Structures are given as C-alpha cells and as structure tokens.
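Visitor: Residue-level listing of the chains:
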Amino acid sequence: MNPLLLTHFTATSCVGRGLDATLAALRGQRGGLVPCGFERASLDTWIGEVEGVDAHPVRADLRDFECRNNRLAQLGFTQDGFADAVVAARGRYGAQRVGVFVGTSTAGILETELAYRRRDPQSGALPAGFRYAETHNPYSAAAFVRRYFELQGPALSISSACSSGAKVFGSARRMLETGLIDAAVVGGVDSLCLTTLYGFNSLELLSPEPCKPFDARRNGISIGEAAGFALLERACDASGAFAAPHDEAILLLGIGESSDAYHMSSPHPQGLGARLAMEQALATGGVAAREVGYINLHGTATPSNDAAESLAVRALFDGTPCSSTKGATGHTLGAAGALEAVIAALTLREQLLPAGINTTQPDPELALNYLLDSRTVNVRTVLSNSFGFGGTNCSLLFGRADRTNRLNSLNALTHPGTPL
Amino acid sequence: MIPLTAFIESVGVLGPGLNHWSDAAAVLAGRAPYVPARTVIPAPASLPPAERRRTGASVKLALAVGHEAVAMSRRDVTTLATVFAASGSDGQNCHVICETLAGEDRKLSPTRFHNSVHNAPAGYWSIATRAMAPSNVLCAYDGSFAAGLLESLCQVAVDRVPTLLIAFDTDYPAPMRDVRPVPDAFGVALVLVPEASAGTLARLDARLTDAPCTTLAAPGFEQLRAANPAARALPLLEALAAGRSSSVVLDYLQDVQLHVDIAISNDSGEFKS
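Quick note, the sequences are listed as chains A and B, same order. All residue numbers for the first sequence refer to numbering that gives the first Met the number 0, where the first residue is 0 and numbers rise by one. All residue numbers for the second sequence refer to numbering that gives the first Met the number 0, where the first residue is 0 and numbers rise by one.
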C-alpha cells in the first residue's frame, strides 16, 4: 500500500492528557489504574478513569451531544494543538475533502443507562431531553467530531469492539486512496459505562487488581477509557511518487485485518486470526518481520488472549521486543487501537520502547521478549495489535520516514530512472 | 485516484412484505402487488444449535440476507470480505441490559453482553461461514446503508477484493422506540466485485454529491425507505428490479449524499448507461 503520513496525533487516557503526559508516564513506567469507584459499579476491579472528564462540557453550540463519551473526545482532540491542525487541514483542502473515521464500542451508552434510572414511573418513558442520536448511537462519536470541526466530507463510526480504533485507519486509507478525500481525522474514543464493566464481569474477565499482561499470574483485564486521534494525509503526490517528508515524520506503512471465525468471546486458541492480521500488515507494508523493532501487543491480560497472541507473535517474530501498555492505561476497548497507534507513533518519535508495567514475572510459557523496563533504542518500524470480541483483528504497521527515505534513495541508486 | 466502480453479482433482501430478492424484485418492479406484512426472520440454520439459541433478531436478519446473496453469487463465502452496516444493534437485548443496570442486581448474563456489541452479527457470520476474511462494522445513523456501500466500493476499487455488504436494522422495544422509532426489521445484502462476469447484474459508479436523495413514487415503499436505515437502499434495489439503467442518490449525511449510476448488464454482458 502507499504509505500515509500521520501529520498530527494526540492521546488522552488515565495516564494523562496529551502526548507529554503520556510520554512521561511511559518513560517513568507509571500507570493510571485505580480501584473502581465509577457510578454504581460495585465491582472488585481496577479502572483507568480519565480525571475531570465531566468538568469539561462539550462546546455550547453542540450541547445536544452532551455525554461523557463526547466530552472525552473533545478533551482528547483539543490537546497538543490537534484541533488547530484539523482546522488548518480544512482550510487547506476544503471542508468536503476531510473525512471523519471514529472507532467506539459503546459511544455514549452511559447516557441511556442513566436515563433508564429516570424513567417515568407511570408510562416508563425516558426523561425529556434524552438525545439518542447524539449520545447512544455509535455514529454520535463521528458526528460530534464532524460537527465540532464543521467538516462536510464522508464520515462513519466503526464499532467492531476492541479493534474499532485500529480499523478506522483501514477505512480512511482506502478512501484517501480513491481520492474522495485529501485528509482524514481518524480516532477512537470509548468511555467508562456500566454495560462494559458489568459485561466483562459476567464473562469473569475482570482482574481484582491492576492488570498484568503476559505475567505468569495474569488474571484478567482492567477497563479504561481514552481518546486517541490522528490526522492522516497522503505521503505520495498525484504521480504516486513518495514526497519525502522530514526524517522524523511518522508513516502508516501497512494494515492487516482478519476474522477469527472461531468464537464470540474467546480468541482462536492458536491465534490464527491474529497471525493473519500481522502477516498482512507486514505484507502490505513491504516490511520483513526482522525489521520490526517493537510490537505494542493487544495484551489484555486475560489468560487466553495473551496465550493466543504469543503463539501468533512467535510464529512470525524471533525475539522482537514487545509489551502491552494496557498495564498503564487499562483496556480502553474501542479506543485502544487508536490510543496504541498514538503510542506506537510516540515510540518512533522518541526512540523509546515502553515497558509493560505491573508485570513482574513474564509467563515463561509465552516465551516473548517482554519489556519490563522502558528503554531508549534505535527503532524505525513498530507494529500495533488490536484484537476484539467476535474475533475481529487489526494490526497496524508504522515507520519513521527516514527508513522509507533511505530505501527510496537506495532504489534510485540501484535503478536509476525509476520514479521514487 | 481510483474511480468508485463495482459490479453487483447478487442481492439478498428481507423486509416487511419483501421476502427473497426474486420475489421482492417482482414487487419493486410492479410485476406483483405489494402486500405489507411484518418481517419474518428465519432462524440461522448455518449456526451450531448452541450459538443459534443465543442469537437475536439483528444477527438472524444479517445472516439471512447474507446467505441469500452469497448463494445467488455462487462465490466461495470464505473469499468474501464483509462490511456490516447498521444504525443500531439488537434493540431488545440493549433494552434488557439498560433495565438490568438501572436496578439493584446489576448482574448481566454473558450472552446478553456478547450480543450487545455492534459487531455481534459480523462475529456470528464468520463463525457460521468459517470466513477469516476481513470484516468491517460501521454505523452512520440513518445514512448507514450509504456509508456501508461507500466502504464496500472503496474495498472493491482499492483493494480489488470481492466484498459482501450486509445492511440491516431492527426495531427497539419501548421506551427506546420513542426516541428511535424503527417500525420493523429490514435487511439487504449485495455481493460487489471488481470485475464483470457472466453473473453480473449491474455496474455501479458512485460519487459524492450534495443533490437531494432519491425518493420512491409508491407511497408504501417511500414510507419503508424513510422508516428503516437499511431500507434507504430501496432506490438502488428498485432500479435493479426494474432492469433499467438509471441514477439514484442515496441518503447518507445531512450535507453529503451518495450518487450512484447503475448500468444494467444486457444479455451479451454489456452495460448500457
């Protein structure tokens, strides 16, 4: 595939608002999980709650969209100058030429949960002022972003459970490729709600302590919430030539998507779907497995997910450094793919491989090169895995532009006359 | 820049008074009378009994129209990428979850939870068909069909893969029905491929437009189109049923719609536009 530029990106999760806070947490190996005290959830588990979300209402002209999910989205995309970058892209290309692709699993369903507590005792009706389309419906997340930035291009929400925030990159890539749009606002946003807390509780997948991905004693997930966004633009000009950006620029090099075709809530035991997704990401990026310097694992910390993912990783990679950052952020579900794509971009920008925190004894049976300490290294290509409920898998491959620039220079030397 | 072109090989449809494409096409083309009746959704025979028992209306509907389209196309189902487009998920299931969570004992059943995800139909489809091909699951509220068609056209045009689009929406019970009134279930599936073949029904060429969307002359069909997000496909289905090359504008977002030129394949496999 033609590489795409991540011209801007940002992330907000329980480890902090924006890139500086996120980076400081990753560098300092600090997490943001706390004992669950969310709403009426009386569950023995830990959560990754973003502080102060409800203190920031949505912009006054968009108050129909008022709900925790959209507040979190807005808190997220107003960090790091991201909103300014979107406005600039709209100015550069026109409102109709910027697409919106947002991943979410539950959107603002919390608003409906709260409304069900306030039903009319006689008629059972929901309270006046409840806005289904702008809060509960999955499209509310994309609609809010589109309205906030006054965009007029194509838009959709992707809701494929925990791969949602990664798969948005695939849909955006295809639409950029057709030429229907010139830029894409991609992201993922999911917020805490009782549906997911009690839902994962029903599957006995919640850990009673901060989750420990890939640990021999891992015992389940910690649910988190997050908003991650990126602005995607073409890296190639109209003739298909790679327009070499500065060396530190971050590129989306490859994408792999697959289905497990196995079970609704358990991964394929051999990690076959996960393996297909990673293979395809490498193939579409034209990158060999040995070139990948770091893998941000899906790593939910359930016994079965981490076992299946390790089999898939070992089938393709030999000792590649890897970690799951969910020990720090919790599993942010439909936002995880976007949050971890931003973390992958940060690892490339900062040349920093983040440790998987909370984990002290990597499971010897999983036999991965699991990072227990963050380290500074030379890294040019990283892979980020997102696998979801219902057996939906997506792997994203990112690289620094200096790698692609160097390959193009070599190509020009060995094949003079071929376009770059 | 890649044109948004694809070839339709087959259609599956299920809605109020519309069962199977062959019957629905006759009704839409005016060759048979339209007799409105509640949508009857069959149990998915393709799922193992344990899974079949757990599925709700939206899963059954998606599988029914998907299987119909795949059978008509004669393609190997495992080779088809899928796009699932729906505004809502299983409304009944969602209602029971919200009711439970509003009460004192907030325990959910695992089945309730895994049926609540928007990609439950996609998950069950891949289990039923053993298809490991990529599957996308999206929503654009009332514009979900157009969003799904646009995504499918991008897959066909850019990735050159055969793609199965399944769009569906079912009704919510009260009190959700008051805020999202979808009177009855409607589902539609299309097999879209990058190259014409002997089985091609029509060629589609799409682009974005700000022109108003196409409405239907027959009041019954227009009512249906406006009432269910998946039924926003009806102008396209009507053109296919009539076997007449034409153009339609499908309802997408408030300020951008999807214009589709439909060129029907003639007996010699050529396309009139």
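Please note: incorrect hints may appear among the correct ones.
[Said to hold, decoys possible] Cut-off 25 Å, straight-line C-alpha distance, at most; resulting in silico cross-link-like pairs (SDA-like, lysine to any residue):
| id | chain 1 | residue 1 | chain 2 | residue 2 |
| --- | --- | --- | --- | --- |
| 1 | B | Lys106 | A | Cys235 |
| 2 | B | Lys106 | A | Glu208 |
| 3 | B | Lys106 | A | His262 |
| 4 | B | Lys106 | A | Gly80 |
| 5 | B | Lys106 | A | Ala40 |
| 6 | B | Lys106 | B | His94 |
| 7 | B | Lys106 | A | Gln279 |
These are calculated hints, taken from the structure and not from any lab test. Model, not experiment: these values are computed from the prediction.
Visitor: Hints first: check each against the structure and report whether it holds.
Guide: Going through the hints against the structure:
| no. | hint | verdict |
| --- | --- | --- |
| 1 | B:Lys106 / A:Cys235 | violated, 52 Å |
| 2 | B:Lys106 / A:Glu208 | holds, 20 Å |
| 3 | B:Lys106 / A:His262 | holds, 22 Å |
| 4 | B:Lys106 / A:Gly80 | violated, 42 Å |
| 5 | B:Lys106 / A:Ala40 | holds, 10 Å |
| 6 | B:Lys106 / B:His94 | holds, 14 Å |
| 7 | B:Lys106 / A:Gln279 | violated, 39 Å |
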